[in-house]
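A.B. asks: Sequence:
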Amino acid sequence: MSKGNRVSRRSMLKWSMGSLAALPFAGSLLRAGQAAAQSGAQSVPPGKKTKVLVLGLDSCDMERLLEWVKEGELPTFQKLIQSGAYGTFENIFRGMSVDAWAAYLTGVGPGQNNFFGAHPWKVYDKWASQTSGINRFYRMHVATIPFMLAEAGVKVGMCGCAMTWPPERLQGGFMMSGKGSPGLGDDPDCKGHIYYTQEKHAAAKPLKTQIEFVDGNVNTSIRYHGMEVLLHLTLNSLTNTVTIAYEDQKVTLREGEWSGYMPIKFPNGRRGVIRWKPERLDAAGGELQLYRYKLLQDPSAELDHDPINSFFDGACVPTDQWTYPAALQREVFDAVGYYRTPNLPFEYDYSSFVGFVQEEETLLEDAYDATREQNRIVKWLLQNKEWDFFWFSNMPYDRLNHNMVRIKGNPDWSPEYERKYGNGKVMKDFTRFIDSELADLMKILPRDTYVVIISDHGWGPVEAEFQPNSWLKELGLLHVKPEVEGKTRRYYYPEDIDWSRTKAFSADNPGIFINLKGREENGIVRYAEYEGLRDTIIEELKKVKHPDGSPFIYKADRVENIYPKGSYGWYAGDIQFCGTRDSSGYKLPGPNDGLYQINWTGFGYRDRIWDHPRRHFTAWHGNALTTFVMTGPGVKKNADVSENGHMLNVFPTIMHIYGLVPPPNFEGRIMYEVFDPSSPLAKKKEAV
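Residues in the sequence shown are numbered from -11 upward in steps of one, following the working numbering.
Heads up, some of the hints might be wrong.
As the list claims (entries may be wrong) - Derived Cβ-Cβ restraints for the label pairs, each shown as a range:
#1 228 - 368: 31 to 39 Å
#2 430 - 202: 52 to 60 Å
#3 357 - 427: 15 to 23 Å
As the list claims (entries may be wrong) - Derived DSSO-like pairs: lysine-lysine, alpha-carbon spacing no greater than 30 Å straight-line:
#4 624 - 67
#5 531 - 469
#6 367 - 416
#7 396 - 531
#8 672 - 625
#9 671 - 143
#10 553 - 505
#11 575 - 553
By construction, these hints were calculated from the structure, which means they are not laboratory data. Just so you know, even glycine gets a beta-carbon here, dropped at the ideal spot from N, CA and C.
Given these sequences and hints, build the entire structure.
C.D. replies: Right under this line is the structure:
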């Protein structure tokens, strides 16, 4: 089958989905088409087009940004803020990452675009925990704003933005997909790996290989989907180095030294790239801890070969294609060389640190390298491609928050950590780095370019997490299987739950689900009990206290009241709630510091309702308020526009800059208040 035919198979798969997703799926396609038609009916005025650059900083906290600007630490951000409008904006309800970026991308909330929480379902599987871009095809049920802009005549460019796989066919534009692309897969052998000589290593078994050197040599392998490539390691005690050899590749490294990207070809013809770093090395003593980066796609590989995922391949594009046009991935390779490719483009190898494969210094180095690498590509795209609107996002900012922000009492905290990284030092240093990189980028922007900076939430440490499943167990609404009851330190969902006796549970798709008969696979609650049970749970939630005894709940309500717009609210939990000191996304009085979060999938250690955050994931999203900065022609100077600010107002305002009227289904508004009264943009344009 030709490459052209492979891409066109998406229409065939959509038809075949009739028995799987039926009318909701077909209806979503119709609604997306209608939204696209509404936007396509407009076109930008003739003449020289406005240029807008959008930078998404995943986890950027506006209040801390302003604090560091005041301290004189961030000269580039200071210049942008003083020359433009800025503010701390409210989020969508409990905005996390995927759902907040999806809201930016579409102009609507989860009830309309079908993205809830941090973890989208895999074709409506509420237990899924992979933020796969495949979900965007099946779940994003409205047109995207980049598509609307492109259809209206704006030349759109995108690089590394979340939930942009499959890459859209942007008329006259280009896209390099970001977080959520399928990559080479998510099996354990695709993730980062550690080769080690120590007797004990904390990494999960599938992510590590114990080795033993004989006369300074050892043979092992690089595994991928049941295939193996022979790997030979040699220690040199005179230079305290290790030589890594496989296929026709060879590199010699010192302790702490990174290799460049190295190609690898597996027996089935699949090509990838990897990097290496000896994290610990004592060649004379025969000791080695060798980190192998997550397997990445080879951007120089041919596009036409066996699919990575045979079921989904061809639904929109081949699953190894992450750019539009398809040739762009090779074009960028020819210009800048090897680079990180999906499913974690321009991020560090996130799963490695969480899985105890990476050391802290490796994580930090990787975050900085990923940002430098992306910025090289962004600058090349800006200088070599036509664009009017360009959006790129930085993801390492978020990962450093989750993995490297800790407070005393967290499992990973220590006096040594506090000395080296404590008191927000990691985030402050990285923000300074972003500031310097942004200054370099600003030098190549055309005059009068609008610069917009946004975030999906903030960042901050966590003192304790509320465990809804343990709480439901205490209420007698959730039961675990008799064979594990009281015999394990921590229960796991869904395998430990006794569904025959469970009336309510919480899952990755946030909220509390009623185990409704006829809807859930093992449902036992009759519909006649449904509303009464929801009322009971809501009232019980209102009684929950923080560990210090103060009230925890800010809002607890039926899902239809939280997501009143759109047809998809019912796919979220039947009961939605947020706390006064968690990632609510609301501007609330009091501390509102994000110290007390909700672990939707968890059970507390020994049934604790409040438990510590887990190791290597000790921070969350603060209060989930978002960052906004805008500068450009006609924008007010040094203007705080936080009042009544909402993240869903950002892209309607950008559409307004292009002379376009946002579609009527948008949940945000044009922010006329960001423009100087003398600017034509401060005046309302009526819909046609």
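A.B. asks: Would you mind marking each hint as holding or not holding in the structure?
C.D. replies: Quick rundown of the hints versus the structure:
1. At about 38 Å, the CB distance of residue 228 to residue 368 agrees with the hint of 31 to 39 Å.
2. At roughly 56 Å, the beta-carbon separation of residue 430 and residue 202 lies within the given 52 to 60 Å, and the hint holds.
3. Checking the proposed 15 to 23 Å range against residue 357 and residue 427 shows it holds: the Cβ atoms sit about 19 Å from each other.
4. About 13 Å separates the Cα atoms of residue 624 and residue 67, which keeps this hinted pair within 30 Å; it holds.
5. Note on residue 531 and residue 469: the hinted pairing holds, with a Cα-Cα distance of about 27 Å set against a maximum of 30 Å.
6. A distance of roughly 24 Å separates the Cα atoms of residue 367 and residue 416; the hinted pair therefore holds under the 30 Å criterion.
7. Restraint check: the Cα-Cα separation between residue 396 and residue 531 comes to about 28 Å, which is no more than 30 Å; the hinted pair holds.
8. For the hint pairing residue 672 with residue 625, the CA-to-CA distance comes to about 20 Å; that is within 30 Å, so the pair holds.
9. The straight-line distance between the Cα atoms of residue 671 and residue 143 is roughly 25 Å, inside the 30 Å bound, and the hint therefore holds.
10. For the hint linking residue 553 to residue 505, the alpha-carbon distance of about 26 Å falls within 30 Å, and the restraint holds.
11. Note on residue 575 and residue 553: the hinted pairing holds, with a Cα-Cα distance of about 22 Å set against a maximum of 30 Å.
The earlier numbered hints are all upheld by this structure, with none contradicted.
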